Amino acid sequence: MLPALEITAIYKSYGQLPVLQDVSLEIQPGEFFALLGPNGAGKTTLISIIAGLTLATSGSVHVMGYNVVTHYQNARLNLGVVPQELVFDPFFTVREILLIQSGYYGIKQNTRWIDEILARLDLADKADANMRSLSGGMKRRVLVAQALVHKPPVIILDEPTAGVDVELRQTLWEFIKQLNRDGHTIVLTTHYLEEAETLCNRVAMLKQGRIIALDTTQNLIKKIPHGHTVQLRLQPDVLPHELKHLQVGCRDGTIELRLESYQQIEWVLASLRTARIEVQEFRLQQPDLEDVFVSLMKGDRSALQ
Amino acid sequence: MTAFLTLFHKELLRFWKVGFQTILAPMVSTLLYLLIFLHVLDAHKEVYPGIPYTIFLIPGLVMMAVIQNAFANASSSMIQSKISGNIVFILLSPLTYQQIFYAYVLASIVRGLLVGLGVYLVTLIFFDIPLHLPLWAILFVVLGSAILGALGLIAGIWADKFDQLAAFQNFIILPLSFLSGVFYTIHALPTGWQYLSHLNPFFYMIDGFRYGYFGVSDISPYVSLVIVAICLLGISIVAIRLLKMGYKLRH
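Each protein sequence line maps, in turn, to chains D and P.
Residue numbers for the first sequence follow the working numbering, beginning at 63 and rising by one.
Residue numbers for the second sequence follow the working numbering, beginning at 66 and rising by one.
None of these hints come from the bench; they were simulated from the model.
Here the structure is a predicted model, which means the values were calculated and not measured.
Ideal placement from N, C-alpha and C gives every residue a C-beta, glycine not left out.
Some clues are possibly wrong.
Listed below are the simulated EDC-like cross-link pairs for lysine to aspartate or glutamate, each with C-alpha atoms no more than 16 Å apart in a straight line [unchecked claim]:
1) 285(D) - 322(D)
2) 170(D) - 184(D)
3) 285(D) - 184(D)
4) 269(D) - 352(D)
5) 147(P) - 147(D)
6) 82(P) - 158(D)
Computed footprint of chain D on chain P, listed as stretches where at least three residues anywhere in the stretch have a Cβ under 8 Å from a Cβ of chain D [unchecked claim]:
7) 71-79
8) 169-178
Quick partial rundown of chain D residues pointing at chain P, CB under 10 Å, derived from the structure [said to hold, decoys possible]:
9) 114
10) 121
11) 139
12) 143
13) 147
14) 159
15) 164
16) 169
17) 170
18) 209
19) 212
20) 226
21) 228
22) 235
23) 237
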């Protein structure tokens with residue numbers, strides 16, 4: 063099957079400064095994909111190259127099989143992009159903006175779909191309001207609506223939830239999930255890693271313009287060694303000798319142990335029972351995408367091999 | 066075609082929604098020019114046989130209004146979109162660079178013509194202005210506004226800030242339009258200035274436009290037509306190339 067998005071050996075530099083170095087990536091139709099990385103890692107530049115807003119120094123990008131430079135019209139018809147910057151046209155109302163945007167994609171009659179998008183994004187009562195009068199979160203949702211007017215098979219969202227409150231974030235993700243179930247390929251960048259973890263099946267992490275991890279979310283988390291942390295409150299407050307090497311911390315009477323695997327839990331509890339130490343509190347912390355992110359950004363790449 | 070028509074329509078709406086500022090205000094200032102010149106200058110002196118200064122002045126002022134507003138339309142629309150960032154919606158869309166060019170230029174022509182027509186209609190109330198060869202007048206006013214629309218597009222793409230655009234307007238467009246024979250016939254000028262006037266492309270637009278009214282002009286309207294057409298072609302090629310390259314639009 064043709065990839066929804068095919069990024070091949072993209073290099074981009076501004077003068078002497080390299081921003082993207084040998085970035086290659088394939089995203090299949092129907093995927094829910096996250097592009098993660100710290101500020102300045104090159105996420106937005108990569109999105110701009112996919113969208114045709116920036117020209118790569120070398121390499122190529124295809125959207126649904128169309129080269130974004132040589133066949134830009136077809137590529138852009140297949141792509142919807144929600145830009146990170148909160149931009150808007152102050153001359154028009156929300157509905158006018160969406161009708162104009164539909165027109166750019168060659169769609170003359172789009173009222174039904176526009177009404178649906180407005181309803182799904184909780185903007186229906188703002189349809190005839192001027193863009194200037196909207197709050198930041200509403201403007202952000204209009205940006206999402208604008209990216210969707212032509213029902214693009216591939217949707218890219220560059221930090222769509224920045225500045226959007228919790229409730230609306232949920233509404234937005236429900237809508238995006240629905241679009242994904244309907245077959246749209248979703249690519250997003252976000253600083254909320256838990257969002258990426260719950261929503262996305264695959265993740266690429268960028269650091270200083272290079273992809274340093276590319277895998278399914280579950281695989282990335284699994285690869286974190288010493289990932290499980292157990293917090294214990296004990297009576298008496300001492301740790302049997304054989305467990306001492308697992309201890310990584312002790313704060314306010316809570317002992318923290320780091321385990322290599324789930325299997326160790328049983329052994330830890332057995333040791334405590336044998337030493338007649340009572341467990342008063344037990345908390346298990348599993349590794350999440352944030353741990354992966356932090357360990358990767360610290361340069362601990364070998365940890366994930 | 067829908068994409069192009071949408072952008073064209075959007076560009077029309079953009080100035081129409083603020084028509085007070087984009088159409089009415091320039092009409093008023095042009096009519097003020099007329100009022101002032103009529104009082105200061107000898108209105109009865111004939112410029113061409115049978116054509117008093119007032120009547121001579123009116124087509125010049127109409128054309129000047131057309132030129133300045135056609136330029137203002139494309140340039141201000143482009144720079145506003147660039148600075149506010151909403152140009153991204155056009156750049157993300159499948160609009161071709163030719164479609165973008167034609168939509169901006171056509172909208173500028175429409176605004177230029179609306180202001181020009183407004184000024185002309187108001188002056189008709191007070192003066193009896195001949196219009197011997199209307200097709201020539203229409204030809205020059207359309208070509209002239211197209212040139213300025215394309216030039217405005219180039220200036221809007223080039224300028225990063227409003228003051229750069231203002232400099233373009235004040236140091237290039239304004240002097241070229243004032244020194245193009247709006248207020249006088251170049252035969253009234255010393256030879257050196259006459260020669261310089263011939264280097265000014267705006268001179269041919271205005272002289273050709275005037276020919277449409279009076280059937281007389283400083284130089285042959287055919288020569289003016291060729292020069293104006295070449296200017297339009299040249300400036301359009303530059304504007305389309307800039308859009309194709311994505312100069313200052315796509316990094």
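Hint numbers the structure violates, sorted upward? 2, 3, 8, 10, 20, 21, 22, 23
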